[in-house]
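These protein sequences, in sequence, are chains A and B.
Numbering follows the working numbering, in which position 484 of the first sequence is assigned residue number 484; successive positions increment by one, without gaps.
Numbering follows the working numbering, in which position 138 of the second sequence is assigned residue number 138; successive positions increment by one, without gaps.
Residues from chain B shown here face chain A by an in silico Cβ test under 8 angstroms; the list is partial:
1. 146
2. 147
3. 189
4. 191
5. 261
6. 266
7. 286
8. 290
9. 320
10. 334
11. 338
Stretch-level coverage of chain A by chain B, calculated; a stretch enters the list once three of its residues show a Cβ under 8 angstroms from a Cβ in chain B:
12. 23–31
13. 218–227
Hints were generated in silico from the structure; no laboratory data involved.
Yeah, the Cβ is synthetic: ideal placement off N, Cα and C, and Gly gets one too.
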Amino acid sequence: MAEALALKDHRQESQIYVDRSAFGAVVVALLFLLLIARVGYLQVFEFADSVARSENNRIQVVARSPVRGRIFDTQGELLAQNRPSRDLVLIPEQVVDVDLSLEGLRQIVEISEESEAYFRRLLKRRARAFEPVPVLLNLSDEAVARFEANRSRFPGFSVEAKLVRYYPKGELMAHAVGSVRRINDQDSKSLDASRYLGTDHIGKLGVERFYESSLLGEVGYDRVEVNARGRQMRIVESEKPSNGLDLTLHLHAGLQAAAARALGDRRGSVVAIEPESGGILALLSQPSYDPNLFVQGISYRDYDALRESEDAPLFNRALQGQYQPGSTLKPFIGLIGLGANVINATDAIDDQGWYQLPDNERLYRDWNWTKTDAGGHGRVNLEKAIYRSCNVYFYDLAVRLGIDRLSTGLQQFGLGQVTVFDLPEANEGLLPSRAWKRQARKLPWYPGDTVNLGIGHGDMLVTPLQMAAGAAMLANRGRWVMPRMAKNRTIETLPGLLPSGDRRLPDRVWDPIIGAMEKVVHRGNQQFGENGTAWSYIGRDIPYRMAGKSGTAQVVEIRQGEVYDEELIDERQRKHAWFIAFAPVDAPKIALAVLIENGGGGSEFAAPVAREILDYYLLERGVGVDLKLAGGGAR
Amino acid sequence: MSDDFVRQLPNWQPGFGGRARAFNWFNLDPLLLIVIAGIVSFGLVVLFSAADGQVEVLRAQLVRFAIGFGLMVVLAQFPPHFYLRLAPWLYLVGLVLLILTYPFGTEVNGSKRWLRIPGLINFQPSELMKIFLPLVLAWYFNDRHLPPKPKYIAISCVLFLLPAALIYGQPDLGTALIVAASGLILLLLAGLPWRYFVWSGLSLVAAAPVLWFLIRDYQRQRILTLLDPERDPLGAGWNIIQSKIAIGSGGFSGKGLFNGTQAHLDFLPESQTDFIIAVLAEELGFIGVVSLLLGYGLLILRGLLISLNAQDTFGRLLCGSITFTFSVYVFVNIGMVSGILPVVGVPLPLVSYGGTSLLTLFAGFGLMMSIHSHRRITLS
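Extracted from the complex, chain A is given alone in its bound form (with noise of 0.2 angstroms):
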């Protein structure tokens, strides 16, 4: 073949590759050129932006929550506090399936379906797969043992020491201090999260709520490097949480007590307040429940248990317990009376046991009428309408002010208002008045609604702190000191509530309600029908003055000419038993309102409530009362 025999041209072919290696080598340059480009591409007109990306790869900020203040009464007793609870997390990105690792830690410790739903919850809620999502919380040593023992079974799971919330006394603080809860969905869309950073808790109910901020603190944080897994490598820089203000409360944790003791296991509520300060020494609502309960989370179970109980333990009864005033508005009705000039101290009535108005048929009875019409306390007057607690004197005096000055008085008590700085909850009662029942009731005000208001009753609703604050303010004569929980200073700005500020009365108007007052519970050894109410319940042995006034507000009406008959009725539609009262008169320490729910009498079952709670406070407790300073015994 010709091609075969043909001799090889060796300068042309080394031409050729002399001009495909020029050829490859201008590409290659090309190449490297492009290489350059890029990386200083990179380099030069993508480095803040690479820079800030690596930074941001590297440090992770780590928030350090702060500890949550402690919660102390008067006397420094501890009544919330933090204690470590040991809580089984993981770290997501650590966790190949959650769904087994689940199912192997059910056979060692029990998850609830509740915690699980829980878990899952925050699991879709957390963005960055290095933060630890509790799975259970709280661990009993068995658990934590059962899960150390196995721990190499479940990579990426661990137990976690943090702080949470305790309260040492449990259900007889629940109503006064209230309690933390977990932060919800529904929490932490409405607050500031970057306050909340590593914090699991809200203060939700009471001084826990109202006293969020100051408790709280200050989160601190870590900026941490760590690597592509999240493995924390160093702190690079950190800044210290400034823990949350420790709270000094008035709250008296021995009266509180003793509060419980008094009301025992009736339904009720004790408020008692110190009416110098304003201070609330006592806040009792029972019953009550164990806040311990709710900070990690109650089961539904549980939940359904309080929330569904008949004596609905978890309804603050001292806040927001809505009830007749009955006959304890009998002595701030007085003093409107004698306030407005409408009556003197000496006048008085002719008592038959009933009051009629004019035109109109309708009895208003008093509290002692029979059926045969022989009751009645015959010539009454002011001092005696409040120490027998006369009802057809109060009619009288109620339609003789008016409606008008009658709610406008009444307002100046705090009533129909919030009468407190710091309980969040509380509620404002309802104070009627012409414009009131022309909103709510379309309805014009009727003379017969006035002799109602007279003795507390129809439509008028106060709570048991608004009573309180009213035996407070009587107790000071006028002088209105806002209840208030905290004594310590806080960051917090109270705000300034009721405008009505001191109701000064000159001493002629305070001396015969007081002194009316006094003698319901310490006029005694009378004829019939002369004793003070409560006089024979607790008067007979009492070492100290005490001013007082029983209240009986009824739960359902009675009709007319039936007679109330407790044997006849429903317990749970027995009247409320009543009782405010402030000791000593002339000192007064202590100011108190006591509600018995369906309770019965209030001098009968209410007054001895009152009398064992000022025993305690002016006798036993610790830091003593000197009694004759506070002007007691023997006079």
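Chain A is already provided as a structure; the job is to place chain B on it using the hints.
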């Protein structure tokens, strides 16, 4: 031909005095050796940092270099004609070994790339092919007219496409492409008419939509990731995003050795192997990258000079092919790490941690040195 053997003498190197003679005695090219040593030392420093200062990593790599160096020295001792005669047989052995991977290969990550001769050795036949294929093609064109006729082109295409197809089937797309590229480079150096190259290039572009469906899912994924790494920043895009951050945050002069946060906090994947250039870029910056590229440039330049000085077609084509294939490694590796090429498993030559590819490289250098040092003395 036998005369050639007698007349082969070590080449004379100007300017190196006695030391150059010592090199010559071992048939080594001092210039190439210096450039290689420079790149290797620089690479070891970067690797030491990438390995968080673990001396064991450094030691293992040094051992590999020693073995590679030994291989290079040994290969340099044989004259090119020795390889010329062996070439077809080596190629056949390479093909057989490639075929043997199908029934006997050790499966790693779903691909059978390794052959294990129990108790003896564990190796990748595809790595051998990186040397055997240039050898056989250079052999094939050595006594044929250049530029090659269509028939020879067709046969040579079969010669390089056959092993490329076998490697692709393992499957190992990266190596298959590299092997195919080295064959194509040799063909171009042999004088493959441009129109063939242009037409096959155009038809490849035309076939791209079909290829899109032929390639495997993860390969499609890599191309999509190249186009938009942020579409899956924590998954497929992670590597490239992190390496771009590493490179970019190095800036002009870098964060300093051992100070690269991307590398040392494990944000950068494969920081000792395929992505080591990102460590270099992060810690030594633009200056470091350009220095390394300069070293590679000198190495390529020296390789080209050797090939131009080679005295027969076999030596020219073999040396040129090895040199340009080396530049392909460099471009593909840095291109993929800096995000202009899809991620394929190509290490950075002489710098990345790892053994097999190093041996192949040093074998290539040994062949180059053999070609350089066994030239006939020309009297004219």
